[in-house]
Amino acid sequence: MADVTLRNLTKRWGEFVGVNNQSLEIHDHEFLVLLGPSGCGKTTTMRMIAGLEEPTDGEIWIGDRKVNDDLPKDRDVAMVFQNYGLYPHMSILENIAYPLKVRGTPTEEVRPSVE
Amino acid sequence: MRDNTLKYLLILPAVLVVGATALWPLYESLRLSFTVGRLNRPGSLEQYLFWENYTWAFLYEPAFWNSVQVTAIYTVLTVGLTTLLALGLALLLAPGGRLRSGVQTLLILPFAMSPALIGVSFRFMFNPEFGLFDAFFGVMIPPLADVSWLADPILAFAVCVMADVWGWIPFLTLVLIGGLAGIPQETIEAAQVDGAGGWRVFRDVTLPQLAPVLAVVIILKSIFSLKTFDQIFMLTNGGPGTATQTLSHYIYVNGMKYGQIGYASSVAWLMVIPMIFLTYAYAKHVFRRGQ
Amino acid sequence: MTGHQRKQAVKAVQLALILLATFIMLIPILWIFMAAFKNHIDVFQLKLFFTPTLANFAEVFRSPYDLGDKLINSSIVAFVTVLFAIPIATMAAYSFSRFRLKGETAMLVVILATQFVPAVVIILPFFVMFRDIGLLDTRLGLILVNLAIVMPFAIWMIKGFIDGIPLDTEEAAMVDGSSRLQVIRNIVLPMAAPGLLTAGIFCFIIAWNEFLFALILTNRDAVTLPIGLALFRAEEGDLWNLLSAAGIIIMVPMFVLALLIRKYFVQGMTMGAVR
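Residue numbers (the working numbering), protein chains in the order written: chain A, 1 to 115; chain B, 1 to 291; chain C, 1 to 275.
Incorrect hints may appear among the rest.
As the list claims (entries may be wrong) - Using 27 Å as the maximum straight-line C-alpha spacing, the simulated DSSO-like pairs for lysine-lysine come out as follows:
| # | chain 1 | residue 1 | chain 2 | residue 2 |
| --- | --- | --- | --- | --- |
| 1 | C | 263 | B | 284 |
| 2 | A | 66 | C | 7 |
| 3 | C | 11 | A | 66 |
| 4 | C | 7 | A | 42 |
| 5 | A | 101 | C | 102 |
| 6 | C | 102 | B | 284 |
| 7 | A | 42 | A | 66 |
| 8 | B | 7 | B | 257 |
| 9 | B | 7 | C | 263 |
To be verified - Quick list of the computed label-pair ranges, beta carbon to beta carbon:
| # | chain 1 | residue 1 | chain 2 | residue 2 | range |
| --- | --- | --- | --- | --- | --- |
| 10 | B | 276 | C | 219 | 28 to 38 Å |
| 11 | A | 69 | B | 185 | 18 to 28 Å |
| 12 | B | 31 | C | 68 | 36 to 46 Å |
| 13 | B | 51 | C | 252 | 48 to 58 Å |
| 14 | B | 80 | C | 167 | 40 to 50 Å |
| 15 | B | 72 | A | 107 | 53 to 63 Å |
| 16 | A | 40 | C | 174 | 41 to 51 Å |
| 17 | C | 252 | B | 62 | 39 to 49 Å |
Stated by the list, open to error - If the Cβ cut is set under 10 Å, some of the chain B residues that face chain A in the computed set are:
| # | residue |
| --- | --- |
| 18 | 186 |
| 19 | 188 |
| 20 | 197 |
| 21 | 208 |
| 22 | 211 |
Everything labelled a hint here was simulated from the structure, so no lab data went into it.
Even for Gly, the Cβ is constructed at its ideal location relative to N, Cα and C.
With the rest of the complex left out, here is chain A (with noise of 0.2 Å):
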């Protein structure tokens, strides 16, 4: 695993601000909940980390790279979405061996490891 720190992280949609400045210091092996009200942007952040949302601004590091660049495969995350997100037409091996067949496990190996 690795430290996750977010300097100074904002997200605007046009007026509205989604996440203002945020700054914060996740270190490996921590355990962080984040609590709050709806609508005060812990989802947002989330995905900002991910990289399925764009900062507008500041930076967010993963261990000693700065990812705001990256897409969400080169990030090394993993996530669990609100609805599951499952893949419907998969079955639960397949689910679960997906991130393994994308990174060219080779097949003996899937297998094995997803059970």
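We have chain A; now place chains B and C onto it with these hints.
Below, chains B and C without anything else, positioned relative to chain A:
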């Protein structure tokens, strides 16, 4: 009045209309296909020949096979091209936003043009002397100027395909946009986070979930392509020669121009065979969704 | 290239493609629009800038083209078709939606299937029959034929709308003492009105653009607009400027109607297989 009686009364007018206007002609054309059926020979509509019309088509009529071939190639090309292009356009327009919504609305315009009008329009555009293509491409690609598009069998066929694809892209695109909208955004994002890049996400997550809608689109377009008449009639009228004579056009010419409605009916019923398969496949989709 | 630059590049390419596609989809329409307003000299000269004229529109209404007659025919045929189709379809649609009937699936399948029968299959018997009973070249004949085409669409579309109306209101009304017919008239019809209107417009468009039947079953008196187009093929060559003017007269009402019901197009054309 009790519900039990009412419910059958309510459907009665519709049943009568559909029965008289659709079922009866179907029966009658089947019957005619077994007769001599010459329009100008009274009484021939009751002269029965059994399978002779059908065997005639298969054994002695190269024009029949020509129209089968034309229709088959035409269908494959138009379905394939339209689906691919519509899919691409749908992917471009799906994200939403003012520009994209505006374009989606504009797409209604070509869609509201009837096939006959599209045929006329393309016939005009490809006119070798004052058509748009001559002016446009003639300037950009000199060798293409002065090409008599509609006089060459292969080129005329190509123009027919182009016109068809152009006319149907809006509809297929709108359907596919609807299909794409039904795919939960989270599955896409999960795949992105799981490490898949653009193409992979499309192949592994988008496409499989789009498959049912894609199937509907392909089946529907195939049916429309097989039936095509209006546009061909106005664009090339089956020509040059019979290079663009689809089955529908062939039936029309034989039935109305030559007065051979017995024979024409038999060919029409041969045409129904692929329709049955396609309709069955389509019905499965329609009724499955109802569940 | 940074991730950000790459995103901008992708956006630019997408924008270019969208504009290109829009251009391609609109060109034939624009072409016809331009030609309709050109006089017959300019049309043959491919000028982009020209002085527009309304002469073509005036000319197509004069003889020998008499587009006015065709326009009247198309309007009457389409309107009367819808006038009969919608009520009949609505009754059937309500019954299919609210009740369980014997053989219901079979009936629905048949209705679906008639949509996919190529028109050429049933046109020939119609021709013979109309010839025998004198319905050739009549508006009434065309109306009957268009009813055949339009009815299945109408039933499916309206059934779709009625399916979407919650049962509660009807059941409450019946408990309160309304009869079934009263419920249909006072509750279902008002609520389904937008759907009925949409289906009506849809059917109008189909009847207006209908080609093959009009081609075969009319000759002089009952000729409709789309067939009227064929009149502009002269020996010297097609009269493009007049053709375009006629084309516009056919197209523009359809554009307006289509825009009105664009929300339901997909639903209607796919018979509810895609919402």
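If you draw a straight line from the CA of residue 101 (chain A) to the CA of residue 102 (chain C), is it 27 Å or shorter?
51 Å, violated
Residue 7 (chain B) and residue 257 (chain B): Cα distance at most 27 Å?
This hinted pair is violated, its Cα atoms lying about 46 Å apart.
Restraint: residue 186 (chain B) near chain A, CB-CB cut 10 Å. Satisfied or not?
Interface hint status for residue 186 (chain B): holds (4 Å vs cutoff 10 Å).
Residue 188 (chain B) as chain A interface residue, shortest Cβ-Cβ below 10 Å:
9 Å, holds
Would the hint on residue 197 (chain B) be counted as holding, given a Cβ-Cβ threshold of 10 Å to chain A?
5 Å, holds
Confirm or reject the claim that residue 276 (chain B) and residue 219 (chain C) have a C-beta distance inside 28 to 38 Å.
Between residue 276 (chain B) and residue 219 (chain C), where Cβ atoms are some 34 Å apart, the hint holds.
Holds or violated: 48 to 58 Å for the Cβ distance of residue 51 (chain B) and residue 252 (chain C)?
Given about 50 Å between the Cβ atoms, the range holds.
Assuming the hint says 53 to 63 Å, is it satisfied by the Cβ distance from residue 72 (chain B) to residue 107 (chain A) or not?
At roughly 40 Å between Cβ atoms, residue 107 (chain A) and residue 72 (chain B) fall outside 53 to 63 Å, so the hint is violated.
Going straight from one Cα to the other, do residue 66 (chain A) and residue 7 (chain C) come out at no more than 27 Å?
Given that 27 Å is the threshold and the Cα spacing comes to 17 Å, the pair holds.
Lying within 36 to 46 Å: is that true of the beta-carbon distance residue 31 (chain B) to residue 68 (chain C)?
Holds, since residue 31 (chain B) and residue 68 (chain C) (Cβ atoms, about 41 Å apart) stay within the stated range.
Does residue 42 (chain A) pair with residue 66 (chain A) here, judged by a C-alpha cut-off of 27 Å?
Measuring from Cα to Cα gives roughly 21 Å; hence the hint holds.
Does the interface hint hold: is residue 208 (chain B) within less than 10 Å of chain A, judged Cβ to Cβ?
4 Å, holds
Violation of the numbered hints given earlier is confined to hints 5, 8, 9 and 15; the remaining hints are satisfied by the structure.
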